[in-house]
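Engineer: Residue numbers (our numbering), protein chains in the order written: chain Y, 929 to 1521; chain V, 9 to 337.
No lab work stands behind these hints, which were simulated from the structure alone.
Bear in mind the structure is a predicted one, so any value in this text is a computation, not a measurement.
Every residue, glycine too, gets a C-beta built ideally from N, C-alpha and C.
Some hints could be false.
One side of the interface only, derived from the structure: several residues of chain Y facing chain V at Cβ under 7 angstroms [unchecked claim]:
hint, residue
1, L1140
2, H1150
3, G1151
4, G1253
5, T1256
6, F1259
7, T1263
8, N1323
9, I1325
10, P1503
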Amino acid sequence: MTADQALYVPSYTADDQDVVSELNARFGAQAFVTQATRTGMPVLWVSRDQLLDVLRHLRDLPRPYVMLYDLHGVDERLRTQRRDLPGADFSVFYHLISIERNSDVMIKVALNEGDLNLPSATGIWPNANWYEREVWDMYGIHFSGHPHLARMLMPSTWEGHPLRKDYPARATEFDPYSLSVAKQELEQEALRFDPAQWGMKRQREHEDFMFLNLGPNHPSAHGAFRIILQLDGEEIVDCVPEIGYHHRGAEKMAERQSWHSFIPYTDRIDYLGGVMNNLPYVLAVEKLAGIKVPLRVDFIRVMLAEFFRILNHLLYLGTYIQDVGAMTPVFFTFTDRQRAYTVIEAITGFRLHPAWYRIGGVAHDLPRGWDKLVRDFIDWMPKRLDEYEKAALQNSILRGRTRGVASYNTKEALEWGITGAGLRATGLDFDLRKARPYSGYENFEFEIPLAYNGDAYDRCMVKMGEMRQSLRIIRQCLDGMPEGPYKADHPLTTPPPKERTLQHIETLITHFLQVSWGPVMPANESFQMIEATKGINSYYLTSDGSTMSYRTRIRTPSFAHLQQIPSVIRGSMVPDLIAYLGSIDFVMADVDR
Amino acid sequence: MSWFSQEVIDVLVQIGKSIVILLAVVVSGALLSWVERRMLALWQDRYGPNRVGPFGAFQLGADMLKMFFKEDWTPPFADRMIFTLAPVIAMSALLIAFAVIPITPTWGVADLNIGLLFFFAMAGLTVYAVLFAGWSSNNKFALLGSLRASAQTLSYEVFMGLSLMGVVAQAGSFNLRDIVHYQMENLWFIIPQILGFLTFFIAGVAVTHRHPFDQPEAEQELADGYHIEYAGMKWGMFFVGEYIGIVLVSALLVTLFFGGWQGPFGLLPQIPFIWFALKTAFFIMIFILLRASLPRPRYDQMMAFGWKVCLPLTLANLLVTGALVLAAR
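Next up, chain Y with everything else stripped away, as it sits in the complex (with noise of 0.2 angstroms):
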């Protein structure tokens, strides 16, 4: 990406083997080592000594890999099933998106026990930042040349990396829990937060800073997020986001869970998001199990996922109203949630965490009278988007509050890893419903909203935009919703088809043993991203060819857009921290899993 001109973002590429080309004409092809996965994107080893050299060139090629969208780690000790791979103890991945080639590459490296250390690719992608730290936190590997390699989603008094196999998983493993005073006082001090430490000053020549600790309580930090900000009066100089204090090992979770019963732990990673965060999950494990689903699972699925859209962006939409000072619209979107509630209750008899997408289908087909339920809620909403479009975003304070507030432009967003709503305010057209469809998205039409200038205010606009578009594709669902079975005739769905079961031993055993021990996923790995509610969401599943997962890594959106915000906050002032963390949109349990 050369300079902040619109970018034209072509057709998606699975498997993208141009930039294969490209790389062996540049380094030989015996300087990688290929894996072949259901990922879709090519999955090549590099040694450590030309990592960083391979990254740099990805980095700059034409049409070049400007997004570092994830890296995380792998403990391969205890995975059996590696043909071909190189031998490892541990493997490190960065997932990498070209937006021009609209295609993604992943680099692994492996690293052996004796020595888990990994040059900092923080100097190509700044956002390799917090991703380095977790790896160091839940895996122990050193990345040298790191600015500052903390823990990360850990406290920094935790003894052991939880994400290692050796790690005990429950509770049960360890000793009993126990909270003496030495320690309480030992954990608080650890708290404590030390300037120096992150290299900031007390004093400038004239001034004392002071240093305010926002949260992890605060009204405004949307969940239990710290920030420490570093303040000459009320204006900003520097801030240092801490997260963490959400953390419950989801990932770690997934490794002990059957595949199916891992479903309903995705629905509490973004806990707006309901069954929109069963999408990516199911889907990379039907891409795993070789399962396509019919053509009315898809419909099912995209509405209530664009229910679900709509839910958390009324929910941003209240509190971000809030967040700049006006009271009263947060209880109208309250009134509109609970409308869109009574609808998501009576097909899925749930409201928050419905947990509804199963293996290859949906948990039961659409309850009698659904239409009319969802054409009530369909006709209700326009007129309160107009309302509050009217009554509170053209108020000119709530603009005074907004506009020019906290922006960045489109590539300092690509260069944090930045997706979403946050992105596409910045001008660029990149929603994966588009760009990637999946789930069928292709067979709907909608637009994209857009907006340019990239601050508090627009990526608000870009949110209202994207209510009004997703009642569009619910009203396509309720008009176009084919007929047709709602979970696919596959042995790997779950719960695992019972039809034939008493009729022959064999079957009834299989379907016992799937019931009670849950499918077998072949060994393989898959990846799956959605445009989620506040970002791109997207799971990697590493199957080891058992009933549960070896890896499970989950992507979110929130970590990486927290990551950005002290280099867009820098000289504002705390009115405007507040402004612009309501017009993220993140919620904690997204960041730390």
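Got chain Y; can you put chain V on it based on the hints?
Structural biologist: Then chain V, alone, in the frame of chain Y:
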């Protein structure tokens, strides 16, 4: 019984009236918490407090019980004396200022010749409540809040005084009773002094730290700002003090610009108190409606608005009024 002369009776009656007014103001200030919550709920599609008594009207009693029995907590790191003093000032300064308001032709606590100046003095004192609270709490959020409050009060006091000088120039008196009498004989000041009314109203909202001028407490930014460390009755005094401020500013608006106790076009002069109460209630509702409907401007935008818009407006208003008064003489 010779000491029980007419004079003593007059004094006793006056004391009695003052006590009644004091109680009425405090009670109506406290009741406002319920009124505000009900009104906000009405505008926000919800119920608000409706459990205690008819329409929840006894909510005040429940709240007071709760507040009295809460631990009267002073943080160990606070400056204890100033910390205690702050809520006392918050509640009393504006309450005392109510003394100069002429409620009806016969009711009112003090008939001061410098009535308006007395109000300015008391309004100026309120900043100490916020300043003391913010400083003595020894909390960074409280400190930021009180910094904002002092800067805000300073800037808005400047044109608050000036905004009323037009009224004073026309009426020729600082005495509020005289100002009402002048309006009985001439037009209500809302017509000739419309600019004065607008700027005084804005300044009044700012002085009471009400939304959208509540930057000192700005929940979303400073998590309640200057009174973040307060709890129980001390917090309650800040709370009631704010409502008393609303009642006072509303009453002043009525007195200065809407003819005090008179009805419109001299209607029904037999019910002066009803007119006064109705008009005051109207402005109180506007205060609440403001809170329900507006976002909060940024602190520097608000200061810029005060200095660059309101101050020039009041100065222009004063100059024109002065010129007209001189010309009419």
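Engineer: Confirm or reject each hint.
Structural biologist: To see whether the hints hold, each was checked on the structure:
With a cut of 7 angstroms, the hint placing L1140/Y at the interface with chain V holds, because the nearest CB-to-CB distance is about 5 angstroms. The beta carbon of H1150/Y comes no nearer than 11 angstroms to any beta carbon in chain V, farther than 7 angstroms, and the hint placing it at the interface is violated. Annotation: interface hint on G1151/Y violated; nearest CB of chain V at approximately 15 angstroms, more than 7 angstroms. Because the smallest distance between the Cβ of G1253/Y and any Cβ of chain V comes to about 3 angstroms, under 7 angstroms, the interface hint for this residue holds.
Interface hint status for T1256/Y: upheld, as the beta-carbon distance to the closest one in chain V is roughly 5 angstroms, under 7 angstroms. Among the interface hints, the one on F1259/Y holds; its C-beta lies about 4 angstroms from the nearest C-beta in chain V, closer than the 7 angstroms criterion. At about 6 angstroms, the closest approach between the beta carbon of T1263/Y and any beta carbon in chain V falls short of 7 angstroms, and the interface hint on this residue holds. Because the beta carbon of N1323/Y sits about 6 angstroms from the nearest beta carbon in chain V, less than 7 angstroms, this interface hint is met.
The closest approach between the C-beta of I1325/Y and any C-beta of chain V is roughly 5 angstroms, which is under the 7 angstroms cut-off, so the hint is satisfied. Interface hint at P1503/Y: satisfied, since its Cβ lies 5 angstroms from the closest Cβ of chain V, which is below the 7 angstroms cut-off.
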